[in-house]
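Peer 1: Listed below, chain by chain, are the residues.
There are 2 protein chains.
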Amino acid sequence: MAENHSNVLRLRRLGIDTHTENMIFVRADSQICRSEGFTSNTRVVVMNGGSSIIATLAVITSPLLLDGEASLSEFAFESLQVHENDQVTVAHLRPILSFRHVRAKMFDKKFNELALQHIVSDITKGFYSHIEIAAFVTACSGDNLALDEVIYLTKAMINSGTKLNWHKPLIVDKHCIGGLPGNRTTPIIVPIIAAAGLTIPKTSSRAITSPAGTADVVETMTPVNLTLEQIQDVVRKEGGCMVWGGTVKISPADDLIIYVEKALDVDSAGQMIASVLSKKAAAGSTHTIIDIPVGETAKARTKEEAFLLEYYFRAVGLSIGLEVEVLITDGSQPVGRGIGPALEARDVLAVLRNEPDAPTDLKERALKLAGLMLETAGVATKGTGNMQAQQLLESGEALTKFYRICEAQGGFKEPTPAPIRHDVLAQTEGTVTKIDNRRLAKVAKLAGAPKSPGAGIYFNAPLGTTVQQGQPLFTIYSETQGELDYALDFLSSENQFIQIDSYT
Amino acid sequence: MAENHSNVLRLRRLGIDTHTENMIFVRADSQICRSEGFTSNTRVVVMNGGSSIIATLAVITSPLLLDGEASLSEFAFESLQVHENDQVTVAHLRPILSFRHVRAKMFDKKFNELALQHIVSDITKGFYSHIEIAAFVTACSGDNLALDEVIYLTKAMINSGTKLNWHKPLIVDKHCIGGLPGNRTTPIIVPIIAAAGLTIPKTSSRAITSPAGTADVVETMTPVNLTLEQIQDVVRKEGGCMVWGGTVKISPADDLIIYVEKALDVDSAGQMIASVLSKKAAAGSTHTIIDIPVGETAKARTKEEAFLLEYYFRAVGLSIGLEVEVLITDGSQPVGRGIGPALEARDVLAVLRNEPDAPTDLKERALKLAGLMLETAGVATKGTGNMQAQQLLESGEALTKFYRICEAQGGFKEPTPAPIRHDVLAQTEGTVTKIDNRRLAKVAKLAGAPKSPGAGIYFNAPLGTTVQQGQPLFTIYSETQGELDYALDFLSSENQFIQIDSYT
Numbered sequence: 001m002a003e004n005h006s007n008v009l010r011l012r013r014l015g016i017d018t019h020t021e022n023m024i025f026v027r028a029d030s031q032i033c034r035s036e037g038f039t040s041n042t043r044v045v046v047m048n049g050g051s052s053i054i055a056t057l058a059v060i061t062s063p064l065l066l067d068g069e070a071s072l073s074e075f076a077f078e079s080l081q082v083h084e085n086d087q088v089t090v091a092h093l094r095p096i097l098s099f100r101h102v103r104a105k106m107f108d109k110k111f112n113e114l115a116l117q118h119i120v121s122d123i124t125k126g127f128y129s130h131i132e133i134a135a136f137v138t139a140c141s142g143d144n145l146a147l148d149e150v151i152y153l154t155k156a157m158i159n160s161g162t163k164l165n166w167h168k169p170l171i172v173d174k175h176c177i178g179g180l181p182g183n184r185t186t187p188i189i190v191p192i193i194a195a196a197g198l199t200i201p202k203t204s205s206r207a208i209t210s211p212a213g214t215a216d217v218v219e220t221m222t223p224v225n226l227t228l229e230q231i232q233d234v235v236r237k238e239g240g241c242m243v244w245g246g247t248v249k250i251s252p253a254d255d256l257i258i259y260v261e262k263a264l265d266v267d268s269a270g271q272m273i274a275s276v277l278s279k280k281a282a283a284g285s286t287h288t289i290i291d292i293p294v295g296e297t298a299k300a301r302t303k304e305e306a307f308l309l310e311y312y313f314r315a316v317g318l319s320i321g322l323e324v325e326v327l328i329t330d331g332s333q334p335v336g337r338g339i340g341p342a343l344e345a346r347d348v349l350a351v352l353r354n355e356p357d358a359p360t361d362l363k364e365r366a367l368k369l370a371g372l373m374l375e376t377a378g379v380a381t382k383g384t385g386n387m388q389a390q391q392l393l394e395s396g397e398a399l400t401k402f403y404r405i406c407e408a409q410g411g412f413k414e415p416t417p418a419p420i421r422h423d424v425l426a427q428t429e430g431t432v433t434k435i436d437n438r439r440l441a442k443v444a445k446l447a448g449a450p451k452s453p454g455a456g457i458y459f460n461a462p463l464g465t466t467v468q469q470g471q472p473l474f475t476i477y478s479e480t481q482g483e484l485d486y487a488l489d490f491l492s493s494e495n496q497f498i499q500i501d502s503y504t
Numbered sequence: 001m002a003e004n005h006s007n008v009l010r011l012r013r014l015g016i017d018t019h020t021e022n023m024i025f026v027r028a029d030s031q032i033c034r035s036e037g038f039t040s041n042t043r044v045v046v047m048n049g050g051s052s053i054i055a056t057l058a059v060i061t062s063p064l065l066l067d068g069e070a071s072l073s074e075f076a077f078e079s080l081q082v083h084e085n086d087q088v089t090v091a092h093l094r095p096i097l098s099f100r101h102v103r104a105k106m107f108d109k110k111f112n113e114l115a116l117q118h119i120v121s122d123i124t125k126g127f128y129s130h131i132e133i134a135a136f137v138t139a140c141s142g143d144n145l146a147l148d149e150v151i152y153l154t155k156a157m158i159n160s161g162t163k164l165n166w167h168k169p170l171i172v173d174k175h176c177i178g179g180l181p182g183n184r185t186t187p188i189i190v191p192i193i194a195a196a197g198l199t200i201p202k203t204s205s206r207a208i209t210s211p212a213g214t215a216d217v218v219e220t221m222t223p224v225n226l227t228l229e230q231i232q233d234v235v236r237k238e239g240g241c242m243v244w245g246g247t248v249k250i251s252p253a254d255d256l257i258i259y260v261e262k263a264l265d266v267d268s269a270g271q272m273i274a275s276v277l278s279k280k281a282a283a284g285s286t287h288t289i290i291d292i293p294v295g296e297t298a299k300a301r302t303k304e305e306a307f308l309l310e311y312y313f314r315a316v317g318l319s320i321g322l323e324v325e326v327l328i329t330d331g332s333q334p335v336g337r338g339i340g341p342a343l344e345a346r347d348v349l350a351v352l353r354n355e356p357d358a359p360t361d362l363k364e365r366a367l368k369l370a371g372l373m374l375e376t377a378g379v380a381t382k383g384t385g386n387m388q389a390q391q392l393l394e395s396g397e398a399l400t401k402f403y404r405i406c407e408a409q410g411g412f413k414e415p416t417p418a419p420i421r422h423d424v425l426a427q428t429e430g431t432v433t434k435i436d437n438r439r440l441a442k443v444a445k446l447a448g449a450p451k452s453p454g455a456g457i458y459f460n461a462p463l464g465t466t467v468q469q470g471q472p473l474f475t476i477y478s479e480t481q482g483e484l485d486y487a488l489d490f491l492s493s494e495n496q497f498i499q500i501d502s503y504t
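If you read the sequences in order, they're chains A and B.
Going by the UniProt record's numbering, the first residue of the first sequence is number 1, and it counts up by one from there.
Going by the UniProt record's numbering, the first residue of the second sequence is number 1, and it counts up by one from there.
Just so you know, the hints here were simulated from the structure itself, not pulled from any lab data.
Ideal placement from N, C-alpha and C gives every residue a C-beta, glycine not left out.
Hints may contain errors.
[What the hints assert, rightly or not] Here's a subset of chain A near chain B, in silico, CB distances under 8 Å, partners left out: (1) S62; (2) L66; (3) D108; (4) A134.
Model the full structure from these sequences, guided by the hints.
Peer 2: Following this line, the structure appears as structure tokens:
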């Protein structure tokens, strides 16, 4: 189409943050809306220099913008790398050709390799709206992806982003599919494995809906926002790292897909397997341990489900040249005692420092995974991995390596729990028989976690503990009195969510 | 949860129009975001007095809003019926229970009647985000809905909105599933049927992506934005109406579903049938004629597809007590000569006024449908409907009735084509053998249709016309020189889209 000067707009920054959705705002009565027929929710291409993004248009019916002006959502300003007063050209979006494969899938046709490559490539380029991604996710959900389709999807995702090469024959990694609260084995396993002489370039995520993600926890002890070059330096020096994965664009398509899956609360086995294994492969891993917790609130609710997932993980791993070992673990209760970044970090340090009151469940879990990793990598013979990991931990070698990795990442600091504290006391004596983990997490979030890294809960009475009346069950930590009040408000309005049965 | 005063926000109107999506804007660093953990894309409940809506939150990182203030999208201001300076309370959204049925459908479980009632009811209440509706649409797409599920969905939609009762035993209606350009039979059929003494309370839609919808066309001759009471008055007086359906909330859930289907460009047969028949039943119709055009760009591409649709329409109609007759028609080329509201209205009036150059294709199509309607309603004996319709049209009775309906709706006026006109001439002599309708529609839209009701195209050379070099092929109509230039710009940048083969 001939370019029309009315399609060129000057940018103003209104500061509208719509998460990962590219949006453009223009006046409803502007020339561009009249001439192009743009209305709210039109999908458009926004160009600046040689770069372009796809965005959803919203019209403004107030004097926030003038004719000839446009604003972008914050994410779109970043994606297009433009600034206030820059000029952008806006045009209609041509139909997304690859979406016809998604439509065909709705009619139960199978994806072939090329179709999934096109789809993932178009999602990576930002061509798909959230609505279109939701359709793709739904069409792939349930048992709708056969093994070969999962393999194609995995390969397409590997090819869609940055690929790392560590120039070593053996790179180990781990992943837990469960999202089990407090399951912070990573900062314990990484130093054990690195101390054994292996290479483990571990990236982790931040919290999305939970009071803390692994990256949030590690960040209370050492910087985690490293550039790819910095990560490579750390790994070259120390054999391992514990960083946030968000700066390395391993799989941009997958990030968008996961966002929509979370919004739908849908876990599609095929997509999850492709997501996990493609990230491991693209990050340069050769040997990966997958931790599958089984429990009521975990992703795998029964052992049967876990076995099926194990089969898929191994088969897809085989097809992409990644050695995959699966460990099926207990996912019935949270791990450790802290909930919130600094408080979980305290658990991690207690284990690494071999403190007598360190949470044994966290320690045992970390040793089991590290042991399997040592065996898989051929550093320990079968059956001796756990022992060797224990030796590396209890000798203090893991702690030393932990400090060295932290130094390489920018320095170690003690995690600082928040200053305002409040003990919640047992109202009767007896034995703790049930804990509502979801409500506990809510209290931790109301107290400020993870935005205030010191906020959260420290749990003093795990399942089976015998308590006296008036004994602290848990302590709430917060940065401000207001946040504490907010958590206490919620506590007082809720039924008791720690069940104590009296002695019989 | 104990209500916290920080959850009460004062509204400011920023004039952000996000189509049919409820959105709420708050400051990123506001107390409510900190205490509730709200981030962009959190789904929240917004309450005012006894009313509430569900909205998607977006945070503002600029001084557009103060702490304690919020803005809503224009649609949300309307949905919640609030104004600037009103106070709203914002809270987390509880999980939408009915969505578990959608998840189950992804795993190939069948919907039962209760599940579809809950889903449609929750969509009606605005509980589903566009992402969730996209998942529902996708899960129902292809052949995923069995006949009983289509029947449950139809019944659920009938019960979700306003139901009209005309207190008459026989109410006729029609619907064309095709979206064939220029297919404006409605303003011809309604007066014929009403002149025959039947009751036909016809509601129509406006253009979404086309240069004109039936309501846009009728609006160039008479008001179409009538309240339900006004519609009832018109029908009581004249036996028929030709109004916009948007003011009558027949099926609010369906409007949202259709919006997402259009965004995905997905036509699910099951959902389309439920949508059409539920609207007819809720609007009080007892006898409905369904026009299924068959053609390359129509919904039904082959006669076989049309036959299958016919079966579903009849079977679902039977189960909800609606008599359905299906007419399978030619959908291979547009109907009439005008493209754009006033220009299509001119075609309609030419037929009603029996002008010698009235488009015969439009006339014949209208008579066929009206004839079947008369037969179905028992007013004409089988085989005589077409003739009776023709008699009512050619005698001028239909025109008289048309004027009377217009008077009842608020008065008749002649449609006014836009003043600036430009003839596009044949560059060679020969016979018109091919017309690219999509590009013609684009020119009409660039010229200003449907926002400028007089703008569009009048087509002088339908398929098969013999033309001389320099003879006008079509005329562009626009309100401003700028819009005309814009259409001409597009024309000059495109290859010839009317094919003229020279005499052989």
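Peer 1: Does each hint hold? Answer for all of them.
Peer 2: Quick rundown of the hints versus the structure:
{"no.": "1", "hint": "S62", "in the structure": "holds (3 Å)"}
{"no.": "2", "hint": "L66", "in the structure": "violated (13 Å)"}
{"no.": "3", "hint": "D108", "in the structure": "holds (6 Å)"}
{"no.": "4", "hint": "A134", "in the structure": "holds (4 Å)"}
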